[in-house]
Amino acid sequence: KAGVTQTPRYLIKTRGQQVTLSCSPISGHRSVSWYQQTPGQGLQFLFEYFSETQRNKGNFPGRFSGRQFSNSRSEMNVSTLELGDSALYLCASSFLVTSYNEQFFGPGTRLTVL
Amino acid sequence: AQKVTQAQTEISVVEKEDVTLDCVYETRDTTYYLFWYKQPPSGELVFLIRRNSFDEQNEISGRYSWNFQKSTSSFNFTITASQVVDSAVYFCALSEAWPDKVIFGPGTSLSVIP
Chain A
1031 KAGVTQTPRY
1041 LIKTRGQQVT
1051 LSCSPISGHR
1061 SVSWYQQTPG
1071 QGLQFLFEYF
1081 SETQRNKGNF
1091 PGRFSGRQFS
1101 NSRSEMNVST
1111 LELGDSALYL
1121 CASSFLVTSY
1131 NEQFFGPGTR
1141 LTVL
Chain B
82 AQKVTQAQTE
92 ISVVEKEDVT
102 LDCVYETRDT
112 TYYLFWYKQP
122 PSGELVFLIR
132 RNSFDEQNEI
142 SGRYSWNFQK
152 STSSFNFTIT
162 ASQVVDSAVY
172 FCALSEAWPD
182 KVIFGPGTSL
192 SVIP
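Note that the protein sequences, when read in sequence, are chains A and B.
So for the first sequence, my numbering puts the first residue at 1031; every next one is plus one.
So for the second sequence, my numbering puts the first residue at 82; every next one is plus one.
Incorrect hints may have been included.
[Claimed, not checked] Calculated lysine-lysine pairs in the DSS-like style (CA-CA distance at most 27 Å, straight line): (1) B/Lys119 / B/Lys84; (2) A/Lys1087 / B/Lys97; (3) B/Lys97 / B/Lys119; (4) A/Lys1087 / B/Lys84; (5) B/Lys151 / B/Lys84; (6) B/Lys151 / B/Lys119.
[Said to hold, decoys possible] Here chain A is said to cover these stretches of chain B; the calculated rule only asks that three of the stretch's residues, wherever they fall, bring their Cβ under 8 Å from a Cβ of chain A: (7) 116 to 125; (8) 128 to 137; (9) 183 to 191.
[To be verified] Simulated restraints on C-beta separations: (10) B/Gln150 / A/Ser1109: 42 to 48 Å; (11) A/Thr1037 / B/Pro195: 34 to 40 Å; (12) A/Tyr1040 / B/Glu137: 42 to 48 Å; (13) B/Ser93 / A/Pro1091: 34 to 40 Å; (14) B/Val105 / A/Thr1068: 19 to 25 Å.
Rather than coming from a laboratory, the hints here were simulated on the basis of the structure.
For clarity, every value in this text was computed on a predicted model and none was experimentally measured.
Virtual Cβ for every residue (Gly too), placed ideally from N, Cα, C.
Chain A extracted, bound-state conformation (with noise of 0.2 Å):
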């Protein structure tokens, strides 16, 4: 079974940019969850989407959005790059609810704004 995939592997943007990362689930896992792994913040809960419907958010700014597809897969934009944005972008997906269930993570995406 094929793991959580995520692409790209490395993005270097410059302030003010946008960006979108994507992430591909485990087949058949229906919740994909984000988080946000920063040295000073640990990791952060970004957003969780279940059937295309985001489900919880946490405490970032609006310049972080996501969505979900039919077939699960997710993407997350971040508009209006600041430096502060550059982190290691985590994706899991877990099979229904994540508040229970296991998460399978991403080998994440390296975000470097410049």
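Dock chain B against chain A, hints included.
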């Protein structure tokens, strides 16, 4: 509000020593779930264990064991006879039944020295 504390930022042990990673959580719910994840240097988080709030049985899996104590709101993780491959960052996480999101602790970086 949910909160997870991992007071040990970094731990170094010599191979074959036992090591315990501490996790203290805060929640107002009576139904909640606790998790441990491992993030090796490669970066991909790996699920280790899930425990629900109604199951205080300790668990042992090979060299790994977990001690869940509701009275002290702790869910500690012990590695017996540590090995170099155990070197990683270990995250404790908490989720309540609702909202459906997982809150991660700051992580403990474990270095096992040969």
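Quick rundown of the hints versus the structure:
{"no.": "1", "hint": "B/Lys119 / B/Lys84", "in the structure": "holds, 19 Å"}
{"no.": "2", "hint": "A/Lys1087 / B/Lys97", "in the structure": "violated, 42 Å"}
{"no.": "3", "hint": "B/Lys97 / B/Lys119", "in the structure": "holds, 19 Å"}
{"no.": "4", "hint": "A/Lys1087 / B/Lys84", "in the structure": "holds, 16 Å"}
{"no.": "5", "hint": "B/Lys151 / B/Lys84", "in the structure": "holds, 15 Å"}
{"no.": "6", "hint": "B/Lys151 / B/Lys119", "in the structure": "holds, 23 Å"}
{"no.": "7", "hint": "116 to 125", "in the structure": "holds (count 5)"}
{"no.": "8", "hint": "128 to 137", "in the structure": "holds (count 3)"}
{"no.": "9", "hint": "183 to 191", "in the structure": "holds (count 6)"}
{"no.": "10", "hint": "B/Gln150 / A/Ser1109: 42 to 48 Å", "in the structure": "holds, 45 Å"}
{"no.": "11", "hint": "A/Thr1037 / B/Pro195: 34 to 40 Å", "in the structure": "holds, 36 Å"}
{"no.": "12", "hint": "A/Tyr1040 / B/Glu137: 42 to 48 Å", "in the structure": "holds, 43 Å"}
{"no.": "13", "hint": "B/Ser93 / A/Pro1091: 34 to 40 Å", "in the structure": "holds, 38 Å"}
{"no.": "14", "hint": "B/Val105 / A/Thr1068: 19 to 25 Å", "in the structure": "holds, 23 Å"}
Figure legend: structure checked against the earlier numbered hints; the only hint not met is number 2.
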